[in-house]
Structures are given as structure tokens and as C-alpha cells.
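Undergrad: Going line by line, the protein sequences match chains L and C. Following our numbering from start to finish, the first sequence increments by one per residue and tops out at 84. Following our numbering from start to finish, the second sequence increments by one per residue and tops out at 355.
No lab work stands behind these hints, which were simulated from the structure alone. Don't take each hint at face value.
Said to hold, decoys possible - With a cut-off of at most 27 angstroms between alpha-carbon atoms, the simulated DSSO-like pairs for lysine-lysine come out as follows:
hint	chain 1	residue 1	chain 2	residue 2
1	C	K321	C	K230
2	C	K230	C	K324
3	L	K66	C	K102
4	C	K294	L	K58
5	C	K321	C	K294
6	C	K110	C	K324
7	C	K102	L	K63
8	C	K339	C	K319
9	C	K294	C	K324
10	C	K230	C	K319
11	C	K339	C	K230
12	C	K102	C	K294
13	C	K110	L	K63
14	L	K58	C	K102
15	C	K324	C	K339
16	C	K230	C	K110
17	C	K230	C	K294
18	L	K58	C	K110
Claimed, not checked - Computed beta-carbon distance windows for the label pairs:
hint	chain 1	residue 1	chain 2	residue 2	range
19	L	P7	C	N311	56 to 62 angstroms
20	C	G204	L	H12	55 to 61 angstroms
21	L	E60	C	L154	40 to 46 angstroms
22	L	G17	C	E196	51 to 57 angstroms
23	L	L67	C	N197	40 to 46 angstroms
24	L	D69	C	S86	29 to 35 angstroms
25	L	D84	C	T194	42 to 48 angstroms
26	C	T194	L	E60	43 to 49 angstroms
27	L	G82	C	R97	17 to 23 angstroms
28	C	P182	L	G73	33 to 39 angstroms
29	L	K58	C	V322	38 to 44 angstroms
Cβ coordinates follow ideal geometry from the N, Cα and C atoms, glycine included.
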Amino acid sequence: MADKTLPTPDAHLDITGVVCPVTFVKVKVALDELEPEQVLSVRLNDGEPVQNVPMSLKDEGHKVLKLSDNNDGTFTLLIRRGQD
Amino acid sequence: MSFTDSQLERYSRNIILKEVGVRGQKKLLAGRVLIIGAGGLGAPAAMYLAAAGVGTIGLADADVVDLSNLQRQIIHATSDVGAPKVISAKETIEALNPEVTVNTLQGLVTSENIMTLIEGYDFVIDGTDNFPAKFLINDACVIGAKAFSHAGIIRFQGQLITYIPGQGPCYRCLFPSPPPPDAVPTCRQAGVIGAMAGVIGSLQAMEAIKYLCGIGTPLTSNLLTYNALTMEFRKIKVAKRSTCQVCGHNPTIVKPLDYEIAACDLKSKPA
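Bound conformation, chain L alone (with noise of 0.2 angstroms):
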């Protein structure tokens, strides 16, 4: 199911353990650890999280690669690091 142009994953992070705004922070803190242009994997809830991320990660300059459904009630984002 993997898409062929899609880049690897440099680092995963599941954040359907916790709920807004942890969610974000979770997410800032993982793209802070990785270097600008590189590929971060997220798990995250449908509802609220799905809502948000995404939206808060396109306005601190981070691109959103893809949101892809699970079918298991959580989404998977693929997002591509800003530069500083």
C-alpha cells in the first residue's frame, strides 16, 4: 500500500496516547530532534488531533506530506521538517 514517491520515515512518533495540546508538543519536540527536510511518521487519533496537527504544523513552516486513515480510528501523517 506504501506509495513508491513517498520518502522513508526518518523517525516515528504515536501520540494516541494523549490528547491536545500534548499532542502538538509531542510532535514539536520529535521535529526538533530532527534535522530540517527530514521525514517525521506520526500516529494520532481520528477526531480533535486530526483536526489540529496537521493545521499547527503548516503554520510553523513544516510540510504535510500525506494523512492516510488507518481504518483503525487513528491516522498516520507524514510530515516533511522545516527549515529553522
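With chain L fixed as given, assemble chain C onto it according to the hints.
TA: Relative to chain L, chain C alone:
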């Protein structure tokens, strides 16, 4: 260093801010702020800095908590009356955020000890209530090349300015010397609304946070004044004075000096 889950939760509102983020929070946790005067201005400043996660807070104050302080010095409680202010404040900070290291000096800050006192800190907050102390802090921070926030409050009015070495004027550029004793009434004689201390002390905390994080524009070269009755803030452009005795071209003040403190200001209770 990496954050614990409880730190991520505690500081989430800071970290979410683009301007602060992970790096800014790390700077705050590594930050060291000295607050001189654990009174009206120092109380909100200390509490907001502790809440924000500033790693080390120094408190210097010679006084004990008086019942008449509680109208504005919200870091102290009724049960603290009679206790040293620095101890009372330290307990409040530790209850609010146990991660903060609090250093205390229970005594007067003088020309003898101020240089050593400010040395280990990134930023100094002047939360004092008398002119000799304000000039002492200014001179020491200029000589020691230390950023600091000056503030003063009386009745319904407050003012503040930030000094950063090499940027803009110092307090003495604006006010070359203290007014004669008794020319300006103290808070004790003139009165002050507690919320005034809250407004101005909180602005001082904001300046410290901005400085530690390296964000925004500091209140240098501008004196901010606040009149609560008319609800007017004014930002008055002020310039460095080349003849300033401490930061000018030919400084005559090269080490901190003590002005005489009016006798009534030294008492913790009105006579």
C-alpha cells in the same frame, strides 16, 4: 536535555507558541533570573517566572512579611506574616513549581554585595521600592554588563524600562541622581493599588522571558508608563546620554555606591 511527560504537559502552552517552542522552553529551564525585592513587583514577577519554568530564581529581600503587604504582595499569605519575605516567597514558588531552584538572600543588597550577587544571573528584576536601591541596581548592572528591568509604581501609576548592555539608555541616563529624600513619597505614604503591582511586575516577567528566549523586541530605549485611572499606556522614546555618570563616554561611577536610605524606608512597619 529532553523533557519528561509532565514537563511537556506543564509547559505545553509555552512550547506550542512558535516563538518559544522546544528551544525557548529549554532556554527558560536553563535561565537564571535574580529578583531584588520580594514585594509588590517581585511577587507577580517571581510567580510568573516560576510558572513559566525559569530554572533558577534568586530572591533578595531584607524584610519580613507585614499584614499591610498582603494587599499587593500576592506571593505571601496571611499565615506568612512575620516570616522573612524570601522564605515565604520561596515556599510559594516551590509549591507552584517544584522544578525551580530558588536561591535566597535574606538581607540588604548593598554596594558591597551586589556585584557578587548579580554575577551568576542572566537577567535582573528591580522590584525595589526606594531610589537608593534603584540607582544601586542600575549602576551594578551597567558596570557588570547585566540586562535588567527597572520598574516603579506609585498610586495609580507605573513605569518600566529594560536595560540591555550596549542597547539604549540606562536608568541613570533618564534620571541622573536620586531625588532628595522625601521629595517623592514612598508607597507607604502615598498608597498604591495592588493590581498596579500586578500589571507592572507581570510586564517585568514578560521582559525577562523575552530576553531569555531571545524573542521579540525588548523595552530598551523606551520608557513605558501606565496610568490606571485613565487606562493609558505611553511609550516614551528615550536616548542614551553621552554624559551619563555610569554608562556615558567618561563614567565617573566605576563601582556601585550606596545612597542614604530614608530611615522610615528601612522599617518593616510604619512608625
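Undergrad: Please go over all the hints and tell whether each is borne out by the structure.
TA: Each hint, compared with the structure:
1. Only pairs whose Cα atoms come within 27 angstroms are accepted, and K321/C paired with K230/C is accepted, the gap being roughly 22 angstroms.
2. Pair hint K230/C plus K324/C holds up; C-alpha atoms about 16 angstroms apart against a cutoff of 27 angstroms.
3. At roughly 22 angstroms between alpha-carbon atoms, K66/L and K102/C fall within 27 angstroms of each other, so this suggested pair holds.
4. Taking the CA atoms of K294/C and K58/L, the gap is near 24 angstroms; set against the 27 angstroms cutoff, the hint holds.
5. Between K321/C and K294/C the CA atoms are separated by roughly 20 angstroms; this keeps the pair inside 27 angstroms, and the hint holds.
6. At most 27 angstroms may separate the alpha-carbon atoms for a hinted pair to count; K110/C and K324/C exceed this at roughly 33 angstroms.
7. Distance hint between K102/C and K63/L is fulfilled; the C-alpha atoms sit about 15 angstroms from each other, no more than 27 angstroms.
8. Restraint check for K339/C and K319/C: not satisfied, since their Cα atoms lie roughly 31 angstroms apart, outside the 27 angstroms limit.
9. This hinted pair checks out: K294/C and K324/C have alpha carbons roughly 22 angstroms apart, not beyond 27 angstroms.
10. With a CA separation close to 23 angstroms, the supplied pair K230/C and K319/C stays within the 27 angstroms bound.
11. Proximity of K339/C to K230/C is assessed by CA-CA distance (about 14 angstroms); at most 27 angstroms being required, the pair is judged to hold.
12. Restraint check for K102/C and K294/C: satisfied, since their Cα atoms lie roughly 13 angstroms apart, inside the 27 angstroms limit.
13. For the proposed pair K110/C and K63/L, the alpha carbon gap of about 24 angstroms is at most 27 angstroms, so the pair holds.
14. Between K58/L and K102/C the alpha-carbon distance is near 11 angstroms, which keeps this suggested pair within the 27 angstroms criterion.
15. For the proposed pair K324/C and K339/C, the alpha carbon gap of about 20 angstroms is at most 27 angstroms, so the pair holds.
16. Restraint check for K230/C and K110/C: the C-alpha separation of about 21 angstroms stays at or below 27 angstroms, so the hint holds.
17. The suggested pairing of K230/C with K294/C holds, with an alpha-carbon distance near 15 angstroms, which does not exceed 27 angstroms.
18. At most 27 angstroms may separate the alpha-carbon atoms for a hinted pair to count; K58/L and K110/C meet this at roughly 23 angstroms.
19. For P7/L paired with N311/C, a C-beta distance near 58 angstroms keeps the hint of 56 to 62 angstroms intact.
20. Hint check: G204/C to H12/L, Cβ distance near 41 angstroms, so the stated range 55 to 61 angstroms is violated.
21. Checked against the hint of 40 to 46 angstroms, the pair E60/L and L154/C passes, with Cβ atoms roughly 43 angstroms apart.
22. One distance hint, 51 to 57 angstroms for the beta-carbon pair G17/L and E196/C, holds here, with the actual separation near 55 angstroms.
23. Between L67/L and N197/C the Cβ separation comes to about 59 angstroms, which falls outside the hinted range of 40 to 46 angstroms.
24. Distance hint check for D69/L and S86/C: the Cβ-Cβ separation is about 31 angstroms, which falls inside the suggested range of 29 to 35 angstroms.
25. The hinted window of 42 to 48 angstroms between D84/L and T194/C holds, with their beta carbons roughly 44 angstroms apart.
26. A hinted range of 43 to 49 angstroms for the beta carbons of T194/C and E60/L is consistent with their spacing of about 48 angstroms.
27. About 22 angstroms separates the C-beta atoms of G82/L and R97/C, a value consistent with the hinted range of 17 to 23 angstroms.
28. Roughly 37 angstroms separates the CB atoms of P182/C and G73/L, a value that falls within the hinted 33 to 39 angstroms.
29. Checked against the hint of 38 to 44 angstroms, the pair K58/L and V322/C passes, with Cβ atoms roughly 41 angstroms apart.
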